[in-house]
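Same order as they appear, the protein sequences are chains A and B.
Going by this note's numbering, the residue at position 32 of the first sequence is 32; the numbering climbs one at a time, nothing skipped.
Going by this note's numbering, the residue at position 163 of the second sequence is 163; the numbering climbs one at a time, nothing skipped.
Since the hints were derived computationally from the structure, they do not count as laboratory data.
The beta carbon of each residue, even a glycine, is placed where N, CA and C say it ideally should be.
Worth double-checking, as some hints may not be accurate.
Simulated pairs of lysine-lysine, DSS-like, Cα-Cα distance not exceeding 25 Å [claimed, not checked]: (1) A:Lys213 - A:Lys56; (2) B:Lys199 - B:Lys98; (3) A:Lys213 - A:Lys156; (4) B:Lys286 - A:Lys126; (5) A:Lys47 - B:Lys52; (6) B:Lys52 - B:Lys88; (7) A:Lys100 - A:Lys126; (8) B:Lys100 - A:Lys229; (9) A:Lys183 - A:Lys100; (10) A:Lys56 - A:Lys68; (11) B:Lys100 - B:Lys88; (12) A:Lys229 - A:Lys156; (13) B:Lys199 - A:Lys229; (14) B:Lys88 - B:Lys73; (15) B:Lys98 - A:Lys47.
If you want the ones that stay clear, here's a sample from chain A, every Cβ over 10 Å from chain B, calculated [what the hints assert, rightly or not]: (16) Thr60; (17) Tyr128; (18) Leu176; (19) Ile209; (20) Phe222; (21) Gly226; (22) Leu257.
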Amino acid sequence: MKKMLSNKLVIFAFLLPALILFIGILIAPILMSGYYSLHDWDGFTQKTFILFRNYKELFTSNSIGFMKALGNSLLLAAISVAFQLPLALWFALRLGSGIKGERAFLSIYFLPVLISTVVIGQLWLKIYNPDYGLLNQFLRAVGLENWTRIWLGDKKTALLACFIPTVWQYVGYHMLLMYAGVKSVPTELREAAMLDGATTGQVDWHIVIPYIKPVLRVSVIFSVTGSLKSFDLIYVLTNGGPFHSTEVPSTLMISMLFLRNRYGMGSTIAVLLIVLCFAFALLIGLFFKEED
Amino acid sequence: MKKALALLMALCMIVALCACGQAAAPAPTAAPAAAEKPAEAPAAAAPAAAEKTVLNLWCIATESDANHESYVKAIDAFNAAHDDVEIKWEAFENESYKTKVKAAAQAGELPDIFFSWSGAFLGDFANAGAALCLDDYYTPYADQLPEVMLANATYDGHHYAAPLNFNVVTLFANMDLLAQVGYDHIPATYEELTDCCDKLVAAGITPFGCSGKETWCVTEYLEPVIIKTIGAEELGNVFYLKSSWNNPDIATAVSTFQEMVNGGYFDPNGLALGNDEVKANFIAGKYAFYQNGSWNCGEIAGMDANVQVGEFPVMNADNATLGMLIGGPNDCLAVNAASPNAAKAAEAVWEIARDVCHWGTLAGAGLPSWTPDYDTSSINALSNAVAEMVATSNGMVLFGDNAQSANIANIYLDYVSQVYGCAIDGEGFIAGLTADIG
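Based on the provided sequences and hints, a complete structural model is requested.
Here you go:
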């Protein structure tokens, strides 16, 4: 057996199926998107090779509005890192400290992750409905009639209204990642700190959080790249509207590909998304490495 | 009898209009390589004698669609009448269908028969050779379907789809609400319309409802204002890129529409609502007017309130007249050129389209593109009124988002949505479209 595993050919043969899948499912589509992005193509007829003209147009055209869409995604990433992750960490620390009903709370907080995004979108559409929506009804009930809004129809509020359910949905996901990390902290470390007189907050800050830093790094990467790729909930809630105020690169990509028949431009957005996600993952990795 | 007569008159007028109107012009798509040599049906793999050929059909007639029952009846009847062919159909929501059908075409996974909008939308499929040329298969049905009804689905002289119902933009008015402000008729002039709307607003009644979430609904309001300002011929020229968007009269029309929006005539909540919700509000008596396609007649005719139909008043009598309408035979069924059963599908598609049109007409989901050879006395009063309106029409332009090619149509829709949100004014609208389209 040992001899067989030392044979590189055998190792390669075992890895080959996975390699074929990896190339076929991940690498080939990326390369194909890169190829299409260099063409002017409507998805139906002959392609015309135009080199980097799609990239230039993407960054300069006002009618496409890519920079605005990218800005929205980056804002979502910032909000996720600033609010979603701290909230998830707080839940993970509290649940990880062994409170009563730990399992039940864990399931409840994780529930939104399990529900289909389309269902969540429909749920929040009902919450935001200007006529009978829960939010406006509540504001009216407490005498804040002036605060009622057409939440998803007003470009001043639509973006935030989309971000709230997006952030809310994945708090449970990050909480679960962090909870697993918190639970892996050796009990002796906590107890030793407690014996030295450390409060719960000090234990969390000086022992638990540094201990789960690799988990936090993964969470930040998932959160930022997830924000850049965000699509489904925004598509259901506003589809990029009103007046492109909630447009993100993914909704723009779908619009280019299937509504405007600009397959080349859609592929350009896809390539840029891949590059951006990769770059951010590297940057975040570097940031955490320097911290270490 | 009178209703049947009105329908037949409408049909005759449609024939006349289509013959002389813009719709007869070829769709504004690039010179189609495929159309020069139209896709022909591949020789079907001969099935065994007793084997049934299954044809798949995609459409947008979901359970909530006005045409759902028409498809059920038409396809059931087809399957019952043919031992050798069976139609299996699937319906998808309107907006998502546009994405799905294009993605399927690009992946070579179109069903045998697929719903399409005529004009530039179908033009893309025809140009790419994805839709089958149906010239030869039309001949047996020529006496039931006037050839002019195929004009919007004709590219370089070749027919690529079987039309379903004929529809125009229609102004639905809740006369019970209008009566509350002293109106017993639909306002016939713009001055009367604004006076009526002012009185409605003062009485706490919202005059109009329009979905801002689905921009095509905004075009159902804006395009009638534009056509009644610049006239049918000029609007057709603009849509078909024969004239520039840089037309001050279009800017005036857009500003007029925005005056209505800013005047509080539209439900502000409409910005966040879909069309189904807005229509439900109108049916619930929340709005006095609802301007949308005539396919809604059947549904709206079932309202408790007294509803009448009409058209948007003339804005500039120098260019436009009453009877200039937005619409035409737009919905259609096409055949996948790459289907192994393309020949059978091409034979079946006419029969299905004819029967969907038949049942759709009776249900009030539109006017007949096909000559009715059935009892039309049960057709609802609103559809009959629309038929009379069409019968006196003197100029018709296809819906802007269908008349223009996909990229241009979506640029246009972007600007329309900005107009509804008052992000740009009339000048901004024509300046932007002139810069981006021409």
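Tested hints:
{"no.": "1", "hint": "A:Lys213 - A:Lys56", "in the structure": "violated (39 Å)"}
{"no.": "2", "hint": "B:Lys199 - B:Lys98", "in the structure": "violated (40 Å)"}
{"no.": "3", "hint": "A:Lys213 - A:Lys156", "in the structure": "violated (37 Å)"}
{"no.": "4", "hint": "B:Lys286 - A:Lys126", "in the structure": "holds (19 Å)"}
{"no.": "5", "hint": "A:Lys47 - B:Lys52", "in the structure": "violated (39 Å)"}
{"no.": "6", "hint": "B:Lys52 - B:Lys88", "in the structure": "holds (12 Å)"}
{"no.": "7", "hint": "A:Lys100 - A:Lys126", "in the structure": "violated (33 Å)"}
{"no.": "8", "hint": "B:Lys100 - A:Lys229", "in the structure": "holds (21 Å)"}
{"no.": "9", "hint": "A:Lys183 - A:Lys100", "in the structure": "holds (15 Å)"}
{"no.": "10", "hint": "A:Lys56 - A:Lys68", "in the structure": "holds (15 Å)"}
{"no.": "11", "hint": "B:Lys100 - B:Lys88", "in the structure": "holds (18 Å)"}
{"no.": "12", "hint": "A:Lys229 - A:Lys156", "in the structure": "holds (22 Å)"}
{"no.": "13", "hint": "B:Lys199 - A:Lys229", "in the structure": "violated (49 Å)"}
{"no.": "14", "hint": "B:Lys88 - B:Lys73", "in the structure": "holds (13 Å)"}
{"no.": "15", "hint": "B:Lys98 - A:Lys47", "in the structure": "holds (22 Å)"}
{"no.": "16", "hint": "Thr60", "in the structure": "holds (13 Å)"}
{"no.": "17", "hint": "Tyr128", "in the structure": "violated (7 Å)"}
{"no.": "18", "hint": "Leu176", "in the structure": "holds (32 Å)"}
{"no.": "19", "hint": "Ile209", "in the structure": "holds (41 Å)"}
{"no.": "20", "hint": "Phe222", "in the structure": "holds (27 Å)"}
{"no.": "21", "hint": "Gly226", "in the structure": "holds (23 Å)"}
{"no.": "22", "hint": "Leu257", "in the structure": "violated (8 Å)"}
In summary, the structure is inconsistent with hints 1, 2, 3, 5, 7, 13, 17 and 22 from the numbered list given earlier, while agreeing with the others.
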